Every structure is written in structure tokens, then in C-alpha cells.
Amino acid sequence: MIKTYLLIDDEARSDASTEPYVEAIAEASQGSLKVESYLPTSIEEVLEFIAKAKPDGLLLDVAFTNALIEHRAPLPYDGIALAQQIRTLQTRGSRHGAASLPEFPLVRFSKADVIREYVYGDTTSDDLFDERIDKAAIIDQAEAVAKQLFSLAGDYPAISAYAANDKSDEALARLLGCEEGFLSRIDARALLGLRRADAPAHVLSRYITGPLLGRSGPLIDETLLAIRLGVDRGRSEDWPALLAALKSAAYGGVFAQGYERWWMALVIDWWSGQIDSERVLYRHGAVERIEAIRQKTGLTRLTPLPEDPDSPGTKFWHLCFKSMRPVDPAFGFPLMPEWGQETWHDVDYLCLEEAKRDSRNNRLAPAERARLAKLRRGEA
Amino acid sequence: MTAAFKKAFDQHRNERAEELFDIAAILNKEGLAPDTGPIQQAAAQCRADLRTVGPGQLDTGRQYWGFEIADLRINLEDQKHVRPRSAVMSEASGTLSVTVQEYVPEDEGQIGHSYKLLKRLDTDFFFDVFHKVDGVEQPLRAAWHLDTHPYTTTDSRSVHPRFHFQVGGERLDAIDADIRGVFMPETPRLACAPLDAILAVDFVLAHYCGERWSLLRDLEPSYGRLRKNPMQRYWSPYFRTLAEGIDNLDTVPGGGDACTLIPNIFAT
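Going down the list, the protein sequences come from chains D and B. To convert, take the position in the first sequence, counting from 1, and add 256; that gives this note's numbering. At position 260 of the second sequence the residue is numbered 242 (this note's numbering), and the sequence of numbers has no breaks.
Isolated chain D, as found in the complex (with noise of 0.2 Å):
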């Protein structure tokens, strides 16, 4: 079923401005997403347009300074002004009965240097939109931006029911593709974002693409998984075959399909159920991995992570906030956790060679700098 989008853009007068973005997306979707751009003029003409358009997601920029009103003056309101007004109707909506709105993915859409002159540095308005993307994200990453759109334009309906709803552990479930059972793995903590009594459809949407898939803790992404597994991607030929083999322990809640990922405790249960049921995953190094998954898979062709002097050490667990190292945790320098990050995540890390680079670091701890300190001072 094809899902369409408005997007609300002050250049959308002019189509070769909008157009790139719009043909980029319904190209990238194979024809399930359709884009439709919508000069923005008074808020209220916006919002009963947008009521009777009936989208099921919203492409906002933040910018409006090129869309005039009346004696060409600029319109006094921005597209955060208008997510928030759009948010809480939705909110009074879903209260009321009335409806003025029904709920649906806000997605920010600007260009970087937009986000740099509106937003640098003021997270204030990150709650308001589902998705943040970068305009430019959409020719690098078409294919991906594309996924999480339909993904998000798909689910919103299961968000919109579960909110409405007594938030059940059988319902709880049902929202994260898990067996009910499953929910009493996950630390209690994880899931107290969706079991919030009052919360809308947009608040429950947020906490899944924010906290619960936006950083690893109980889920991991592609990468991370790689890492974990000891596996190095781009010269494993056989990683397509071992995804497939971990398939039981993939995420299949909501967003599923624009978002990639994979049940930690599960993982952790496939390798001692189909791989070593004697030596935990992290307990090897990747060469002793990648020779255990081998042996009981029969994927011959995967190449274990190299070690490397940058980030030292072969029971690679985490990815270096900043160079996108492997790190083993033995070697690397765990950050301090930074505002949103909860104690169910997990923590960032430096890899060696860049918490040298950045040893001023204010969220290495004092411990971690003496430990730095004390490294190099072996070296010299």
C-alpha cells in the first residue's frame, strides 16, 4: 500500500527545488512512498489543509523565511512552531475525540546549514519530530531514508491503537514483535517509556525511534552486531548467510522494516544454543569467533576483525563513539553518560588512539584520564 507524505516547504513553489527530494524518495521506495509538497501560508490554512489532506506523515522544514504572506512579509511562524501546533493538536485530538488531527509521523526535513542557523545546540524541539533527516541524506542514503519513512507512515496506525488501549503486556508484546514471555528479559526500566498510562501516539513513537532503537542497549544495529559476532562486513562474503541465520533474533516490532535490528539477549541465546553453549560470545576473540561460527554454521567465508594498534585488543564489543573503531572494552575508554543516555544503555566508548587525540574529554572520567595518563607514560 503506497503511504504518502506532505512536505511543507518554503520552496516548494519553486519545483526544482522540492522536486530532487520528492523523485529521490519515490525512486528509492520502488513506488510505495509518494511526496507531495505544499507551500506553507497561514498557520490556519496549513493546518485545515493538512486535516483535509489527510497524509499519512508530515515532511516538515524548519525554515519558512522564503514564503511570503500579504506586502511580501515573511510568515511569522517556522516549521517548529508549526510541529508543536500540529503535536498538540494530535494530543487534544486523541483526548477529545475531536480529532482535529489524527496522529502521524512529523519528520524534520532541513538542509544542515538550516539546522545549524535554527537549531545548533538547542534539543528543545527533538521531542516534537519522529525522525530527524538531513535533505542531503536523501541522495546519499535514498534506500534507507525511504525505508524509515514507509516504516514509520506503516506503524503509526499500531502506535495510534496501542495508545489507545490498556497498555497490556500481551499488547506490549504485540508493539515489539516479541513473545510475551520475552518482555521479562528486557530490563524493566527499557520498557517503562511505553508503558506511560497517558502518553500519545507521538510520545510512544519517540521513545521507540529515540531511546529504544536510536542507541544500542537491549537492540543493536547492523554494525554493532557485526562487532559483536567478531565479523568484519566488508570482507565477509558470508554476511548476508549469517544474518539470515540470526534471523530468531531479529527486531520485527514496529519500524522493523525502516529500522534494522537485533535483540541482544537473543543474540547472546544463538550463540550458546547454535554456536557454544559452553564459552560465552564475549568471552573469545573474533578470530576464536569467527572459527566457532564457521565450524557450526558452515559459512566459510567470513573474515574475523583485524586487530589493530589504534584500538587494541580481540574481544571487540563496542563501536568508538568517534572513529568508528571496533573496541574491545578491556582497551578502550568508556564515556561518562551524556543527558538521555539511560542506565540501560550502554555505554559510549574512545578507542585508544582517539582518546589520545581528544584526552580533554569532558566526559572521560577521572579514572579513565589517569588510566590514559598512565599509558602514556609507558609509552614515553
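FYI, nobody ran anything at the bench for these hints, they're computed from the structure. Predicted, not measured: the structure shown is a model, and the values here were computed from it. Don't be surprised by glycine CBs; every beta carbon is placed ideally from N, CA and C. Please note that the accuracy of each hint is not assured.
What the hints assert, rightly or not - So the derived label-pair ranges between C-beta atoms look like this: (1) D:Ser504 / B:Gly43: 20 to 28 Å; (2) D:Arg535 / B:Glu193: 33 to 41 Å; (3) D:Gln513 / B:Met71: 49 to 57 Å; (4) B:Arg102 / D:Gln513: 39 to 47 Å.
Said to hold, decoys possible - Computed footprint of chain D on chain B; a stretch qualifies when at least three of its residues, placed anywhere within it, have a C-beta under 8 Å from a C-beta of chain D: (5) -10 to 1; (6) 26 to 36; (7) 50 to 59; (8) 62 to 76.
Following the hints, put chain B in place on chain D, whose structure we already have.
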């Protein structure tokens, strides 16, 4: 396994996972561990598929479950009265590993009898500091472990209490060639009450982070509550076995099970 039995058994394992999540949250909140990921991973293992003891091992074919905390770093306070006195302790962190394995209960009544069902409880801890000799930094390492010795009835050259605390061990391999002036034989192996993950973390905090541990005791009621359950599941039966073995030496001169805990307990 009946449905009710399975439900109660799953609940037992869920509770162990929740304990681990809770201790991880406390360590995070108090800034006592830079990364509690190893505890989170261990919690994930609590409900993994059951494992079976392989051939050639004690209790071959018997099913068990368990978890493993691998290399959890804990921030340590400066230690006093250390040797060598020149050791520089500032901002050190220790590395704790814990393995817990418990046999599957045979009936619903056995659920929670962790001491009786215990397969292995191994705890391992070490930390590194340094000192300067003739202006050159030399590494120093402290290491101890608490092992389970399952073969308590076989003879060995020195006593092997079922749960024993031992200083040194394999963790000293890394600095073995640098050791001077201190000799460490494998003995004594001190009989010790078993430590599961919660009790092992508590042991380390109590011994190496005394000030923070006292604050936890006074200001964090959930910390005290968290320790109660494993103490009751492991320590109560451990000390009861010892007390009964010693009290009843007139009727059971061999000491019974107490003799496996402390092989010195026997009367004939």
C-alpha cells in the same frame, strides 16, 4: 516439567536477571562502574536455553543454567597500608568476573534452593597499580579468586574446601616475570562462603570502596534489600551446614557435608 513448575522456574530466573539489572543501575547511578554492560549481558543470559553437562564432566547429562559477568570494571578508592609502600594507587579500577551456574531443579519444591543446586560459583578480581624503581615505573598487580571445587571427595595434596578464597592465581601470569621479593604458593585456600554476582560486587565494594559502600548502606535502601536474597539463598545453608556438621561430630564423625566445605571438620 509441568506448566506450573516451568512458570515458577522461569520466575526464579527472571528474578535473578532483575537483581542484576538493579545492581547495574545502582553502580551506574553511583558512578562506581564506568560500564555495567557486562552485568546487562549476564542478565540477558539468565533466561537463555538450558545447557547440558558434557561427557567426562561431573554430573554428565544434567541440565543447568547460569550467567557470566566478564571483566566488570569497578572504580576503587585509594587503599591504605599497601605493600610495597611505594605503590601508587590513585584512580585505580579493579576488574571483576563472576560465573554462576545452577542445576535445573528436579521439582517445583527445589526452586530457589540455589545452594543445593549450585554447580559453579567462581569469582575473580584483580587490579593494577605501579611503583617506581630507580625512576622507572614498574607494574604491580593484586589478584584473588574464589573458586568452586566440585571434586571434594578426591584426594589432593592440600585441602580444597568446596568454596575457597585464594590470593594470586592465573591473573598474575601477566607480571609473573617481574615479581620480586614476594613468594606466593597456591596455599592457603581459605574456606569461604560462596559469592554470587550480587555478593561478589558487594564484597569488592565493601573491601575496596569502603566509604562509598558505607554511604550505600546508609542512603540506598534498595542496595541492602538487594543483598538479602542471595545471602539467604547461599549463606544461610552454607553456615547452617557448617554449624550442624560441627555440632553433630559425635554422631557423624566424618563431618558430613561440612567436611566438604572445610575439610578440617572431622573427628575420626
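*Where does the structure disagree with the numbered hints, that is, which hint numbers, in rising order?*
As far as the earlier hints go, not one is violated by this structure.
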